[in-house]
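Engineer: Mapping to the working numbering: the sequence shown position 221 is 221, numbers consecutive.
The hints are simulated quantities; they were obtained by calculation from the structure and are not laboratory data. Take the hints with a grain of salt, since some may be wrong.
What the hints assert, rightly or not - BS3-like, lysine-lysine: derived pairs with alpha carbons at most 27 Å apart: (1) LYS205 x LYS84; (2) LYS194 x LYS84; (3) LYS26 x LYS152; (4) LYS194 x LYS54; (5) LYS54 x LYS205; (6) LYS218 x LYS54.
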Amino acid sequence: MTPKSKQELINQILNGLSGLEELDSKTRQDLLESEGWIIETLYDPIPELANRLKDYFDWSNGKRQEDAGQLLEEIAYLLFKSLKGTGNIRSYQSYAAQHDLIVDGASLMWQVLMIYLHLSREGRTIVIECKNQESSISDQQFSRLCGLLQNKFEKTSELGVFISHTPASGFPKKKTKERQLKDARATQALFHAKSNKFVVVIDHKDLELISNGFPLPKILEAKIREIEASTLMELSFNENWQEVILPPHLKKYANEN
């Protein structure tokens, strides 16, 4: 039925979005991914992204000199600018000289993206942190981004994303049925269970997929779905805790009664 007024059109669109939210995640995913809908509607890589991804892989293979930290920040900016419906991309710097990108949107396409990523339409901000380091993202670094989502973006963001040359600690290096969680991977699952928010990592292997034409929204959705699945499993958390004898500088007080 053709809408008779602008308000009627808006109401039809909002009803459609509400209908998407009411579908189960599998049905919603199948609908939104039908006939290349994501690539055509939600994601359109801008030309500069392919160029800087090539520079990144040349740097990674030792064929190019780059400020790798700035290069990853550029890739992060271009990746999220390629999402249709993106509104503002702002940069923030903490006391630790850590730059974060804050991406938000208010358009209907952005709201559809939020629904596709299993996120609330009200939480329309994505917090991004870039990491260029040889070691894996540590539990402490992972917890910092979780803290930002929970404390500074409690009402406005449900998704944090690392763009990193390396994966996070505790994540299996290949597909596995391992159910024990540890380090940053344990923090990821626990944080989601307590807050219903997500923190994911786009690492070197994911950048290879993106460079080969795999759309960013599909990668994000798969990682979010994996976190959701982990909360339904009976998991053991390996923190390697064990009782030990009090160290001398504390034991000296134990016998003073």
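Engineer: All the hints need checking, so say for each whether the structure fits it.
Structural biologist: Going down the list of hints, with the structure as the test:
With a C-alpha separation of about 24 Å, the suggested pairing of LYS205 with LYS84 holds against the 27 Å cut-off. Between the alpha carbons of LYS194 and LYS84 the distance comes to roughly 31 Å, so the proposed pair goes past 27 Å and is violated. Proximity of LYS26 to LYS152 is assessed by CA-CA distance (about 32 Å); at most 27 Å being required, the pair is judged violated. Between LYS194 and LYS54 the CA atoms are separated by roughly 39 Å; this puts the pair beyond 27 Å, and the hint is violated.
Simply put, LYS54 and LYS205 have alpha-carbon atoms about 14 Å apart, close enough for the 27 Å limit, and the pair holds. Distance check on the hinted pair: LYS218 and LYS54 sit about 21 Å apart at the alpha-carbon level, within 27 Å; holds.
The structure shown violates the earlier hints numbered 2, 3, 4.
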